[in-house]
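**Q** Sequence:
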Amino acid sequence: MTTLLISDLHLHPGAPEIADGFLRYLEGPAREAESLYLLGDIFEAWIGDDHRGEFETGILDALRRLSDAGTSLFFMHGNRDFLVGDGFAEATGATLLSDPSVVELGGERVLLMHGDSLCTRDEAYMAFRAKARDPHWQAQILALPVEQRLALARDLRRQSGEANSTKAEDIMDVTPSEVERVMAEHDVRTLIHGHTHRPAVHELTVDGQAARRIVLGDWQPNRGWEVRVEPGLPPRLRDFPLRP
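For the sequence shown, counting from 1, position 148 maps to 148 in the UniProt record's numbering; every step adds exactly one.
Among the hints, erroneous ones may be present.
What the hints assert, rightly or not - Label-pair ranges, simulated between beta-carbon atoms:
hint, residue 1, residue 2, range
1, Gly107, Glu162, 41 to 51 Å
2, Gly70, Ile171, 28 to 38 Å
3, Gly107, Arg238, 14 to 24 Å
4, Pro145, Pro13, 13 to 23 Å
Keep in mind the hints are simulated off the structure, nothing from the lab. Glycine residues also receive a C-beta, built at the ideal position from the N, C-alpha and C atoms.
Starting from the given sequences, assemble the full structure and let the hints guide the process.
**A** Now the structure itself:
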């Protein structure tokens with residue numbers, strides 16, 4: 001059976017083409033797969049499981065239909081949807097994964113990550129990441145009224161955009177030594193992640209052995225990205241049209 005992995009859709013009501021393409025994906029290719037892994041930043045912002053407008057409810061309902069149809073669904077937090085919790089899992093039938101996680105795909109141990117923790121040269125972001133993943137900080141944010149959380153999400157997106165506009169390109173990419181370190185730590189030869197929006201397959205050496213890092217792309221109004229794992233074949237990165 002096929003396993004699919006995707007990330008960085010950044011779903012929000014202002015990008016209906018991507019949302020519609022994702023819904024078609026859930027009703028089509030994902031229905032034919034044994035498993036679907038969502039590796040973070042599926043939503044542009046997620047301010048808590050208790051806030052579900054019409055848009056969010058439509059996405060959650062579609063994910064539930066997928067899991068009810070027999071496709072195993074897994075979710076890993078990204079830097080945009082780190083507040084996804086047990087309520088989301090219950091509503092969709094998804095299993096929440098820690099970042100990083102090692103899973104077996106096609107008979108091989110594969111390391112899955114969102115990818116932001118690999119960008120260690122971006123010291124300002126790494127400081128924010130440490131705060132945002134702190135359970136106590138998250139509890140404080142979730143205790144705020146919805147309107148305050150919405151405003152905070154808007155501010156964080158604005159600040160992120162302004163900060164990234166002045167950063168060097170290499171700072172926002174992964175640190176090669178960190179990639180090698182984490183792959184060696186988990187004793188794997190394949191790493192799949194998103195976050196950087198730089199889809200590619202990188203060949204490298206880890207502990208003297210050939211290895212590869214597969215980077216998922218971010219979805220655009222006319223194009224999606226996936227890693228497809230089929231029996232007897234190595235993971236394959238591919239893009240595909242979102243429009244019928």
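**Q** Cβ-Cβ distance between Gly107 and Glu162: within 41 to 51 Å?
**A** 45 Å, holds
**Q** Quick check: does the Cβ-Cβ distance between Pro145 and Pro13 fall within 13 to 23 Å?
**A** Hint holds: Cβ distance 21 Å, inside 13 to 23 Å.
**Q** When you take the CB atoms of Gly70 and Ile171, is the distance between them in 28 to 38 Å?
**A** 43 Å, violated
**Q** Range hint 14 to 24 Å: satisfied by the CB atoms of Gly107 and Arg238?
**A** 20 Å, holds
When the structure is compared with the earlier hints, a violation turns up for hint 2 alone.
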